[in-house]
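Based on the sequences and whatever the hints tell you, model everything.
Protein chains: 2
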Amino acid sequence: MKVILLSGGSGRRLWPLSNDSRSKQFLKLLESNEGNLESMAERVWRQLREVGLSESTIIATGKSQVDILQNQLGTDIPIIVEPERRDTFPAIALSAVYLYSIIGVSLDEIVTILPIDSYVDNQFYEYIKNIENVLNESEASLALVGVKPSYPSSKYGYIIPKDVEAGKKIMRISHFVEKPEEAHALHLIEKNALWNCGVFSFKLDFIISILQKMNLPIQYEELLKHYNHIPKNSFDYEVVEKVDDIVALQYDGRWKDLGTWNTLTAEMSTNQIGTGVLGPNTLNTHLINEQDRPVAVLGIPNAVIVVSPDGVLVADKKFSPKIKTLIADISQRPMYEERRWGWYKVLDYFKYEDCKEVLTKRIGLSAGKNLSYQVHFKRSEVWTVVKGEGHFVLNETLQHVREGTVLEIPLGARHAIKAVTDLEFIEVQKGTELIEEDIHRISLNWDDILLKCSPIRN
Amino acid sequence: MKVILLSGGSGRRLWPLSNDSRSKQFLKLLESNEGNLESMAERVWRQLREVGLSESTIIATGKSQVDILQNQLGTDIPIIVEPERRDTFPAIALSAVYLYSIIGVSLDEIVTILPIDSYVDNQFYEYIKNIENVLNESEASLALVGVKPSYPSSKYGYIIPKDVEAGKKIMRISHFVEKPEEAHALHLIEKNALWNCGVFSFKLDFIISILQKMNLPIQYEELLKHYNHIPKNSFDYEVVEKVDDIVALQYDGRWKDLGTWNTLTAEMSTNQIGTGVLGPNTLNTHLINEQDRPVAVLGIPNAVIVVSPDGVLVADKKFSPKIKTLIADISQRPMYEERRWGWYKVLDYFKYEDCKEVLTKRIGLSAGKNLSYQVHFKRSEVWTVVKGEGHFVLNETLQHVREGTVLEIPLGARHAIKAVTDLEFIEVQKGTELIEEDIHRISLNWDDILLKCSPIRN
Chain Y
1 MKVILLSGGS GRRLWPLSND SRSKQFLKLL ESNEGNLESM AERVWRQLRE VGLSESTIIA
61 TGKSQVDILQ NQLGTDIPII VEPERRDTFP AIALSAVYLY SIIGVSLDEI VTILPIDSYV
121 DNQFYEYIKN IENVLNESEA SLALVGVKPS YPSSKYGYII PKDVEAGKKI MRISHFVEKP
181 EEAHALHLIE KNALWNCGVF SFKLDFIISI LQKMNLPIQY EELLKHYNHI PKNSFDYEVV
241 EKVDDIVALQ YDGRWKDLGT WNTLTAEMST NQIGTGVLGP NTLNTHLINE QDRPVAVLGI
301 PNAVIVVSPD GVLVADKKFS PKIKTLIADI SQRPMYEERR WGWYKVLDYF KYEDCKEVLT
361 KRIGLSAGKN LSYQVHFKRS EVWTVVKGEG HFVLNETLQH VREGTVLEIP LGARHAIKAV
421 TDLEFIEVQK GTELIEEDIH RISLNWDDIL LKCSPIRN
Chain P
1 MKVILLSGGS GRRLWPLSND SRSKQFLKLL ESNEGNLESM AERVWRQLRE VGLSESTIIA
61 TGKSQVDILQ NQLGTDIPII VEPERRDTFP AIALSAVYLY SIIGVSLDEI VTILPIDSYV
121 DNQFYEYIKN IENVLNESEA SLALVGVKPS YPSSKYGYII PKDVEAGKKI MRISHFVEKP
181 EEAHALHLIE KNALWNCGVF SFKLDFIISI LQKMNLPIQY EELLKHYNHI PKNSFDYEVV
241 EKVDDIVALQ YDGRWKDLGT WNTLTAEMST NQIGTGVLGP NTLNTHLINE QDRPVAVLGI
301 PNAVIVVSPD GVLVADKKFS PKIKTLIADI SQRPMYEERR WGWYKVLDYF KYEDCKEVLT
361 KRIGLSAGKN LSYQVHFKRS EVWTVVKGEG HFVLNETLQH VREGTVLEIP LGARHAIKAV
421 TDLEFIEVQK GTELIEEDIH RISLNWDDIL LKCSPIRN
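Protein chains in written order, with our numbering: chain Y, 1 to 458; chain P, 1 to 458.
No wet-lab data here; the hints were simulated from the structure. Take the hints with a grain of salt, since some may be wrong.
Note: identical chains are not told apart, hence a pair may lie in one copy or across any two.
What the hints assert, rightly or not - Calculated lysine to aspartate or glutamate pairs in the DMTMM-like style (CA-CA distance at most 20 angstroms, straight line):
id	residue 1	residue 2
1	LYS345	GLU433
2	LYS351	GLU222
3	LYS356	GLU403
4	LYS351	GLU427
5	LYS351	GLU403
6	LYS162	ASP236
7	LYS356	GLU427
8	LYS345	ASP292
9	LYS191	ASP163
10	LYS351	GLU424
11	LYS351	ASP292
12	LYS168	GLU126
13	LYS351	ASP422
14	LYS369	GLU38
15	LYS155	GLU132
16	LYS345	GLU436
17	LYS28	GLU38
18	LYS345	GLU427
For clarity, every value in this text was computed on a predicted model and none was experimentally measured.
Quick look at the structure:
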């Protein structure tokens, strides 16, 4: 069996911790086996390793998540990068074609799709291994895992069985119902309906045939080029709802979607992460503070209070699922990002009346990593190195830098930096339109950059 | 009549907006006549001007409030600076001695003490003018203004009258009761007790005699030198409670102490100051956000949420008076300060494992103002000018600076800067013990600094 792990989502529901580059699955809020804090992505990857599935797994994701996935899971994980975000059907199609045309996986092989944000015990992944036999024995095109509902949720999709034999955990599917009203959900549960938890299994042949019928290429490089021709739909909508012979495996264990603050905080092992004080009458309130300034909470029970470089959320837990709508109009650059080379934090941003902008960042570069050789056309930069040692290139001149070195990078100057030890600097950007798009990359490889340089200056 | 306006208080009750340098009276949260936001200090000074008392007023305060008082009220206001903070009796004694020995005010002149944080209408200050006649006619040593209580508060001090003639607003005083239980307060109010609002009047002779009896000097310069010998007590405790012949004037109008978030927000004309969104079910909640990052509030009614460079407060209004106790253990440098030369905001502070510290500030210097010529022995600094023009002196060398100029100030280097136009720069401090005390001032006067310099460099 091969596994395709889907890592998507912009994660506005967990604002202000999640942003366009740090989706909910990357937030380190859960307690690991060793008592450290781990993210959903780290947890799922650890679980797949523990049940022996990680070696058979590839991860499908967008460009913006590659760096943080590698930071959290390691650089040797197999990642299929979607050229653009186009929903789950295109992502699954691309991954399947990769398995078929690049890895040479047999068309008879079973492929299982897993979401990266299921909060379950290892038992769930052990159970999933059965799906292979079920699919072979039932000769169905598609097998799903359905979770036995513990309450009539109106947030989930329901799998409605055709016929259920008492005590049998495998059933043929009649149809699906998306997010029913609570009363309807109760009725469905009485008829043995299950929650759809986003786990699908099929033979590789199944999806390859669908692509062929759509006249889409089944060679990886070709499909990459035609990625924008794949229908921008979910796998549920484009495939599952059009298929008749589906079986579901009923899973009776614990399964949770930690997609909102009320569900996520329920699984946290502590009520407070970061600096601050929960005062009197704050029962069942969670405080998560990523900033270094203290947060004081007084007389506010059952709430979630989150302070991050992106903003501040103060919400009663039962209202927290509405956050996505509330902040729909708040459009903002990410104030904190993890990248393949390290991280940055925006300290200050200001736009003057004459439209000149000033952006101050603290940037951390990991030992051995480098920023690409790049140019900006709309800003100058000043870097003050505050920690560590490294090499800096400015217009093909190499320079050794260390704590205390000040580097002035005029508009239009080519520059790159490599950390010898962990390196930190304060960057002051000044110009107009201080955006990521004004990074024009000449070269990423440090050896290539060195080859362009004159001898070292000290 | 002369007025001594007392400006004190460390203002922990309005944390995180107030800090050791920005006491509650300097927070610009109240609507002025023109619809702008004004502080308590600005409001009181405007009111004293409107009723014609400002010309007769001097302000007694500590060193740390001089800059912000001058910024808010102008540089021409008469300020008596206490050499150290020692409570209200020493502050009043020093101011009285200043009036007597420096200004030459007659010993027969009436002196009235006013707190800077009474929230009242102009009518209150008009009423205060009567105190002069009352004191003269009653021949009492001391006259107080007592506010007719509107509810049995357990937060205030009560003035208990000796005898009250029906309808008479002037009464002899029996004694005082500090912060009674609510039931007791109710009983006191039935007996015509009044709230003590901190307004005292006496002839200058009264206080000067007291100082003489204490063997304290009555010459200003002498008393300044012996300031640490004056008992560190409140005026109430040291004087009022020891005097028999006190009269009180009953004031029937509006009077409020805006010392806690619940009383202060009740007088704000808007529920939101700063970036953010008050979502569903946030009735009677106030949001004050001094940061540029958005704050989202959902399902939290009757609360006050305050985000400042110093921290974040999330409190139910009825709990907000407890904030002082809750944050007692939070000791922190001020993250924002107004100074005589402008303002600064701390953007970031970090202490590395090797005890080296990095502090990043954005500093604004007003046109025409300068920083003193100074030296640091425990840090180097890098300034990146991001706005405006000015003159910079480094080790007696003068340099013209403008937007884009980068200035490196090594440890031990003498430096000063003067703004020609409004000037802003980002400062990166690096060293050990990044504290205000490592500012060693050589000269404050710009002309003196210029005289030390070599000719201008460009």
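Find the hints from earlier in the document that the structure breaks and name them by number, from lowest to highest. The structure breaks hints 2, 14, 15; every other hint is satisfied.
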